[in-house]
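Input sequences plus hints: build the corresponding full structure.
So the sequence shown is numbered by the numbering used here: it starts at 355 and just counts up by one.
Everything labelled a hint here was simulated from the structure, so no lab data went into it. The beta-carbon is built from N, C-alpha and C at its ideal position, and this holds for glycine as well. Any given hint could turn out to be false.
Stated by the list, open to error - Straight-line distance between alpha carbons at most 25 Å, and here's what the computed PhoX-like set of lysine-lysine pairs gives:
| id | residue 1 | residue 2 |
| --- | --- | --- |
| 1 | K506 | K479 |
| 2 | K591 | K553 |
| 3 | K604 | K591 |
| 4 | K553 | K604 |
| 5 | K609 | K623 |
| 6 | K546 | K612 |
| 7 | K389 | K479 |
| 8 | K609 | K389 |
| 9 | K471 | K506 |
| 10 | K604 | K493 |
| 11 | K612 | K506 |
Stated by the list, open to error - If you anchor each label on the Cβ, the simulated ranges turn out as follows:
| id | residue 1 | residue 2 | range |
| --- | --- | --- | --- |
| 12 | K506 | L583 | 47 to 55 Å |
| 13 | G502 | S438 | 33 to 41 Å |
| 14 | L570 | D534 | 20 to 28 Å |
| 15 | G502 | S653 | 22 to 30 Å |
| 16 | I452 | K493 | 20 to 28 Å |
| 17 | I452 | S653 | 41 to 49 Å |
| 18 | S552 | A500 | 21 to 29 Å |
| 19 | H628 | L583 | 28 to 36 Å |
| 20 | S505 | T578 | 56 to 64 Å |
| 21 | N498 | L583 | 23 to 31 Å |
| 22 | N593 | S573 | 23 to 31 Å |
| 23 | E566 | N415 | 45 to 53 Å |
| 24 | A500 | R569 | 29 to 37 Å |
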Amino acid sequence: MAMQSMLMGKQAHPSLHIRATILDLPLRNSWTTSKDKVVVVMGATGTGKSRLSVDLAMRFNGEIINSDKMQVYEGLDIVTNKISEEEASGVPHHLIGIVPSHADFTCTDFCNTVSGKMDDIVARKRLPIIAGGSNNYIKALIDNEAYGFRSKYECCYLWVDVSMSVLYESLAKRVDQMVDRGMIEEARQFFKPNADYSKGVLRSIGGPEFVEYFRLEASVDEETRVRLLKEALDEVKINTCRLARRQVEKILALKYEKGWNIHRLDATKVYQKHGKKCGEAWEELVLRPSMEIISQFLSSSHGLCNSMELHLN
355 MAMQSMLMGK QAHPSLHIRA TILDLPLRNS WTTSKDKVVV VMGATGTGKS
405 RLSVDLAMRF NGEIINSDKM QVYEGLDIVT NKISEEEASG VPHHLIGIVP
455 SHADFTCTDF CNTVSGKMDD IVARKRLPII AGGSNNYIKA LIDNEAYGFR
505 SKYECCYLWV DVSMSVLYES LAKRVDQMVD RGMIEEARQF FKPNADYSKG
555 VLRSIGGPEF VEYFRLEASV DEETRVRLLK EALDEVKINT CRLARRQVEK
605 ILALKYEKGW NIHRLDATKV YQKHGKKCGE AWEELVLRPS MEIISQFLSS
655 SHGLCNSMEL HLN
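Structural data, given as structure tokens:
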């Protein structure tokens with residue numbers, strides 16, 4: 355499989371020859387802060403958040419906490435693009451597939467669950483890495499004073515960004531690849547004529563869009579079936595692109611309106627490369643800068659971590 359194709363979804367960890375020299379650095383810096391450290395990986399769907407979080411976890415003794423509000427549910431693994439065992443590369447992942455598919459997992463539920471996971475990860479002297487596209491979850495966790503997150507943790511925010519024109523094309527190809535992996539069959543297994551597609555995992559993009567197709571496919575001719583399926587897939591692609599746009603808008607609001615110090619990593623050229631050059635671009639433009647930022651974050655004060663943005667953004 356070409357590297358470009360692998361980038362459309364979440365891929366297994368590549369053989370990158372980067373040596374990390376800071377694995378033994380303390381997660382708590384006693385001479386600068388009493389807070390524990392946490393990394394937050396943000397970005398629109400399909401930009402490589404999972405890939406980066408795994409890359410970093412392997413180099414900084416980390417564990418990943420999922421903050422994608424659809425991936426917390428059981429089922430529809432292809433539709434929700436859950437990370438596979440191969441892609442996880444042995445890195446522990448939390449909050450993936452833990453909630454019954456029909457349940458309603460709220461921001462409050464997320465915050466309460468994550469708070470316990472964070473305490474456990476830090477107690478084992480590992481680096482918590484929160485990764486996912488549900489920025490409302492992240493904002494609720496960090497900004498809600500009821501959880502005391504800011505009083506306990508110092509955050510380093512990484513934003514994997516891809517220009518929208520390039521990302522839209524990539525997302526459309528990713529949907530086609532998901533179809534090849536069995537997305538339609540998986541969605542059909544969850545289809546029920548009277549199901550509530552406003553709750554649980556059925557809200558996922560790739561669920562409601564197929565309802566009419568599944569409802570009518572057995573009673574219409576082949577030409578109509580083909581048309582209905584194409585319309586459903588087109589709607590999945592459009593809704594995925596709309597989601598990506600909303601996610602970026604929320605990140606920009608956190609950065610410029612809320613004043614979060616979010617380090618932007620431009621991965622656009624990664625998605626414009628092919629084969630070996632694609633992996634090289636990821637290493638140069640995303641992974642290496644991220645490692646430098648986190649190295650500073652773990653070994654120095656918050657102020658020095660901020661200074662990295664002048665050189666990398």
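Structure-based check of each hint:
no., hint, verdict
1, K506 with K479, "holds, 15 Å"
2, K591 with K553, "holds, 21 Å"
3, K604 with K591, "holds, 20 Å"
4, K553 with K604, "holds, 22 Å"
5, K609 with K623, "holds, 23 Å"
6, K546 with K612, "violated, 42 Å"
7, K389 with K479, "holds, 13 Å"
8, K609 with K389, "holds, 22 Å"
9, K471 with K506, "holds, 14 Å"
10, K604 with K493, "holds, 10 Å"
11, K612 with K506, "holds, 19 Å"
12, K506 with L583: 47 to 55 Å, "holds, 49 Å"
13, G502 with S438: 33 to 41 Å, "holds, 35 Å"
14, L570 with D534: 20 to 28 Å, "holds, 23 Å"
15, G502 with S653: 22 to 30 Å, "holds, 25 Å"
16, I452 with K493: 20 to 28 Å, "holds, 21 Å"
17, I452 with S653: 41 to 49 Å, "violated, 33 Å"
18, S552 with A500: 21 to 29 Å, "holds, 27 Å"
19, H628 with L583: 28 to 36 Å, "holds, 29 Å"
20, S505 with T578: 56 to 64 Å, "holds, 59 Å"
21, N498 with L583: 23 to 31 Å, "violated, 43 Å"
22, N593 with S573: 23 to 31 Å, "holds, 26 Å"
23, E566 with N415: 45 to 53 Å, "holds, 48 Å"
24, A500 with R569: 29 to 37 Å, "violated, 43 Å"
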